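Asker: Just so you know, the sequences run in chain order A and B. Just so we're aligned, residue 300 is where the first sequence starts under my numbering, counting upward by one. Just so we're aligned, residue -18 is where the second sequence starts under my numbering, counting upward by one.
These aren't lab readings, by the way, just hints derived from the structure by calculation. All of these numbers come straight from a predicted model, not from anything done at the bench. Do not rely on the hints blindly, as some may be mistaken.
Using 25 Å as the maximum straight-line C-alpha spacing, the simulated BS3-like pairs for lysine-lysine come out as follows [stated by the list, open to error]:
1) B:Lys15 <-> A:Lys364
2) B:Lys15 <-> A:Lys354
3) A:Lys344 <-> B:Lys4
4) B:Lys112 <-> A:Lys404
5) B:Lys112 <-> A:Lys400
6) A:Lys343 <-> B:Lys4
7) A:Lys422 <-> A:Lys375
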Amino acid sequence: MGWPLAIAAALASYAGARISSEAQKKAIRERQRQTEEGIRQRTKKANERLTPIFKQAAEDVGTDKEKKLFTAEDAKNLATINKTKSMVDNRLTGGLETGGKKSAKFQNLQSDRFTRAKAGQNKRDLALSRFLSPSRVGQIRGQAPINAAFGRVGVADELIADRNINDMRVSAIQPNSGMMAFGDALRIAGMMAGMYNMGAGMGAETAGGLNAGDFANLGNTAQTPANFSNISTGAGQIGGTTAGNFAAQTGSFGASAVPWYQSAWNSVGDFFQPANSILPVQPVQQSHTLTPFERAIAGNPGNTSQGWATNRFSPKAWNNADSSWFK
Amino acid sequence: MGKGGGGGDGGAAAAAAAEAARKARIADNIQAVKSQFFAREAERDVPEAIWGSRMKSVYDDGGSFIKEVPEQYVTNQSAIDEANSWNKDRPFTDAYTQPRMTALDDIEGRVRDRFLPDFEQDIGDARRELKFALSRRNLLGSSAQADAEERLQDRIGEGRRGIDQRVAGARSEKEALDQQLMNNLIGQAQADVSRSSLLGGIGSSFLANTDRAINAANQQSMGNMFQDVGSLFKEINDQKAIQQGMANAAMFSNAMRNNPTNLFGGNSTSGSSGDIVDWG
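Based on the sequences and whatever the hints tell you, model everything.
Answerer: Put into structure tokens, the structure is as follows:
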């Protein structure tokens, strides 16, 4: 594979990262847009709601409203005064009951004085009605800022709630999950391919006899025997095995007491650790029941409990080997 | 949910619905509170439906014109809708509700009833005293009587205005207390307090305000304004001045006789005694 695979892997990684990045950028832009939209809406709402509140407050404390309030309060007080006046017994507010004959001059004088007194009373009543008004008008005008404060508090409450709701909307904006997954998958695939390619290259340099293609087919069980044909010598193949090849193999078995294929696998395992290994890792053991194949290699097919130290090969047994040997 | 995808809206929709419900609840509660204090505008008459006929175009499912058919319709539907909408949510006025008006009238009546009987009693006594005073001086039917009666009227008016001031003060106090109550309730309504809590005790609160207003008026006692009714007419005042001058002259001559060298010395008997000698 080599460079073409490396370039393809790099492109895949870049494309995957770019897709993920774009999805995230899009989400960030959407969050910014939603945040700005929220601010715009709240500002608009504040203007629309607060303007009439302050306008009303200004009207309530304005001179026009003040005059109306005074007029209304004066009238109310005057009505109260007149009602009290009407309730006082008329006999008590008339002239003195002195009996006897009264001269016309006296009666004229008395009537004149009563008229004058009544006019004076009316003026004083009116003055009192006006005198009593400012207190109550002050209370009513004092309500204007309270109403404005209520309005402001109400609007502020709503704006805070709107902001919280918008914040929830903003926080709910996430990158498109499909695009993110696709980008991640592409990036991971590219990365894996790149690592594989790198591993293949490194393996070829360190083992001397390994080819990149050998590793490429590790995942294929059917090809395994052929792939490992060159592990030690690069000569024969297991499918057409010569006695010499296996003799060389058994040497390594005897030395390390580890199956040859496990040893080969371990060198690759530095780069790949698939979850379901196609090559089962067997425990290292000093002795075990020999398989027919091992017995043939060991030159003692009848012995089923020999150790791995035996390094003899029986051509006769090998020639008679059947498929059960390789199971 | 934003365009960026990513499932769900973080509960924003549910929060928005809850906020809308909260706003509606608060608005309704504030309206309910205000309706206890201020009268609404008068209802509008909903006009009778006036039916008319017109041609209506009929289209098929694809939107193609088929034909025109006559139909009956209400020609003044907008006026009906407007009146119904107005009546459904009539705006508040500055006028108080009828129960509050009744309560304010009741307060005024109670304060008047508290002070008027005593006041009328005082007027009656004053009239009698004045009459006797005039009679003793043989001034009945004179200009002095006319003058004294005018002064008495002024004094009666002054006393009546004293009562008016208490009546109006009690009413204003009740209005102010009710206003405080309304502000308090609106504040609670804005804090989303339940309507039952808001309005459950409003009746007793109104009554407590009435009680406080009346008590405040009652604490301002009225004295008898007619204590000096015997001196209400000019002649008596003139005579009083003459009598005072004569008394001073007598004292002066007495002092001269007893101690001529110490005419202006500190003497406890010097100066006016303030007593009025009734020469009549």
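Asker: So, for every hint listed, does it hold in this structure?
Answerer: Taking the hints in turn, this is what the structure says about them:
{"no.": "1", "hint": "B:Lys15 <-> A:Lys364", "in the structure": "holds (21 Å)"}
{"no.": "2", "hint": "B:Lys15 <-> A:Lys354", "in the structure": "holds (21 Å)"}
{"no.": "3", "hint": "A:Lys344 <-> B:Lys4", "in the structure": "holds (14 Å)"}
{"no.": "4", "hint": "B:Lys112 <-> A:Lys404", "in the structure": "holds (19 Å)"}
{"no.": "5", "hint": "B:Lys112 <-> A:Lys400", "in the structure": "holds (15 Å)"}
{"no.": "6", "hint": "A:Lys343 <-> B:Lys4", "in the structure": "holds (18 Å)"}
{"no.": "7", "hint": "A:Lys422 <-> A:Lys375", "in the structure": "holds (16 Å)"}
Hint compliance for this structure: every hint is met.
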